[in-house]
Each structure stands twice: as structure tokens, then as C-alpha cells.
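Visitor: Sequence:
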Amino acid sequence: MGGLVLREAWLARTKEDILEPERAIVDPHFHFFVENEIFPHYQLADLQRDATGHNVQQVVFMECEEGYRKDGPEHLRPIGESAWVLDLAKEAEQAPPGSFRISGMIGDGQLYNGALAAETLDAHLEASPIFRGVRDMGLWDASPEVDNADPPTNMNFYRESSFRAGFAELAKRGLVFDAHQYHSQLPSVAELARAFDETPIIVNHLGSPLGAGPYAGRHDEIFPEWQKNVSEVASCPNTFMKLGGLAMPWCGFGLEARENPPSSDEFVATYARYYDHALQVFGPDRCMFESNFPVDKLSLSYDVLWNGFKKIAAAYSEDEKEALFRGTATRVYRLEAL
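Residue numbering for the sequence shown follows the numbering used here, starting at -17 and increasing by one per position.
Do not take every clue at face value.
For lysine-lysine, the following DSSO-like pairs were computed, each having C-alpha atoms within a straight-line distance of at most 30 Å [said to hold, decoys possible]:
| # | residue 1 | residue 2 |
| --- | --- | --- |
| 1 | Lys(-3) | Lys210 |
| 2 | Lys303 | Lys(-3) |
| 3 | Lys52 | Lys(-3) |
| 4 | Lys210 | Lys293 |
| 5 | Lys154 | Lys52 |
| 6 | Lys303 | Lys293 |
Just so you know, these hints were derived from the structure itself, not from any lab. It should be emphasised that the depicted structure is a prediction, and the values quoted were computed from it without experimental measurement.
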């Protein structure tokens, strides 16, 4: 991918008034990047600046291999991220009234270590009172043109016995699992949900329909398979869907390549069918809008993104909107209601 750059001047070409500025929002998926050599650096002050306008009250940090310990046992190095984010959460508490709080975080559980994952999870819990669960990415595709996660070496990462042995430790501690894989791997997420029906599983980024490499330009062809696989996951009552993430450049929709960034109307026109299907099969009480910032910021601004979400939700009842923008995330991640 190479080093990615946030183009503030380009993003500023599209400006919109904030829709429903009073609507309370929990953003359940964002990252801070400090040491990363691929993703643009993005820190607390950056998110605070981007979130100004929409009524973002709480946010949930998503693991991104930042702040790891530099030494010690490999399976305990991710604990550094939990401690680092807790420090940032304390810093966020000192912000002026009206600013968001970092109320939860998802760490790296290294569940593929099997029973040893119990030590990792316990160390996360000891390091941070806002730790809520883990994400072990299963992203894998056979094409060398598609970026895969590490350590998966095949598309069956979530089916492997060592991973499942580690996964079994989550329910014992009341922790959740964020699943990040390509749409072609969603059946393995459904199998995981059926095998561990006491563990909430939150699917990231609308199931990540492939759109890069050999899949570029094939969205219409791939959509029915994506629909089928998303519906299979939705049949498991312990699963939830994060609505967002498709503005990442490698999803192949090309928003980042436009002369001007998209408006919220253009955002809705591009992605509506994905949101509509997910909402149909999961229902608003099992869905939550997510920013995936700053990664999606490569394609559009925070203001435009959440305006787009508000337009997608326009036809839903007030109770359903409350679930989509705040309630589902608050419940699933066990956040303190504000």
C-alpha cells in the first residue's frame, strides 16, 4: 500500500452543514496511528477536531498495533496498547465540556495462541478498565494483489483449532470479539458464532466485500455472494454488524480518486444497497454506524460521513435511530450511558 496521506485541502472542497447536530453518537470504531508506517499519523487532537460538529459523546478504540511493548513475552506485548489507550482516555477526560470520551477499547487477543490467550486477556483486563474485547483479523485471499493480515495463511483462520481454543476464553471473561475478514470468509464467522453462542461477535465494515486486485470493478458480480454470506451471519443472534468502512480505497469504489470528495448524497448513492441489506437482515438493534477513522478519511470527511449515515437512517423510527447511532454500541460494548 505504501505510505498513505490525509489530504486536508482536498477534503475541504466539500463542505456541508451538520444534519441533526443534536443527535447523540457513539463512534464504535476508530484508530490512533503514531508509529505506523503505512497509515497516516492520527492522534487524539485530530479526532477531537474532526468530530466537532456532530454530537459525538463516546468512542471505542479499535486495535491497530500501536503502543506495543518493545520486549518481554510476545503474547504480552499487545498489552502496551491497552495501557497507552487508557492514558489517552484520561487525557480526553480533561477536554472541554461537549468533547467525547474514550469509553471502551478493543485489543489484540492473539487468540491463535490457544490456551495461552488466557494470559493475554487477563493482562489486558488488568491493564485497562475500559478493555472490552479483542479483534484478531482473519483477512486472507489467495490473490497476491490482495492485502492479507498476519498471521492467517489461508481463509480458514477462524476455523483453526488453536484459534478456537483461544476464542473459548472470551466468554469466561464476558468479552466480545470483533471479526474482520473478507466477505468470502463470512461463513466461517457464522460457524464461529454458532459454536460460541454466548460470545457477542461484531462484524467489521459491512463484512468487507472484496474490491481490490482481481476483484476490482466487479462489485455487481460480487454483491449477491456478499448478500448471501451477510444473511448467514445475521441468522446467528449473537452477531452484530458495523455499518461503515467501505470508503477505504482498497474496497475499490474510487471515492479517493475523484477530483472533489463526495457529498453525503453521493456517499449514500454509492453504498446504499450494502447498508439497506445489512439493516434488513440484522435489524437496527444489531447494527451500529462506525467511522473507521482515519482510514475512511482517505475518501471523505467526518462531517460528510455522519451526514450520510443520518440520511441512510432517515426512514427509521426514532427508537431505531437511537439504536444505530448510540444504543447498540452502548449495549454491546457495555459502555456507561451518558
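Visitor: Please go over all the hints and tell whether each is borne out by the structure.
Guide: So, going through the hints one by one against the coordinates:
| no. | hint | result |
| --- | --- | --- |
| 1 | Lys(-3) - Lys210 | violated, 36 Å |
| 2 | Lys303 - Lys(-3) | holds, 24 Å |
| 3 | Lys52 - Lys(-3) | violated, 42 Å |
| 4 | Lys210 - Lys293 | holds, 25 Å |
| 5 | Lys154 - Lys52 | holds, 29 Å |
| 6 | Lys303 - Lys293 | holds, 11 Å |
Violated hints, listed in ascending order, are 1, 3; each of the other numbered hints is respected by the structure.
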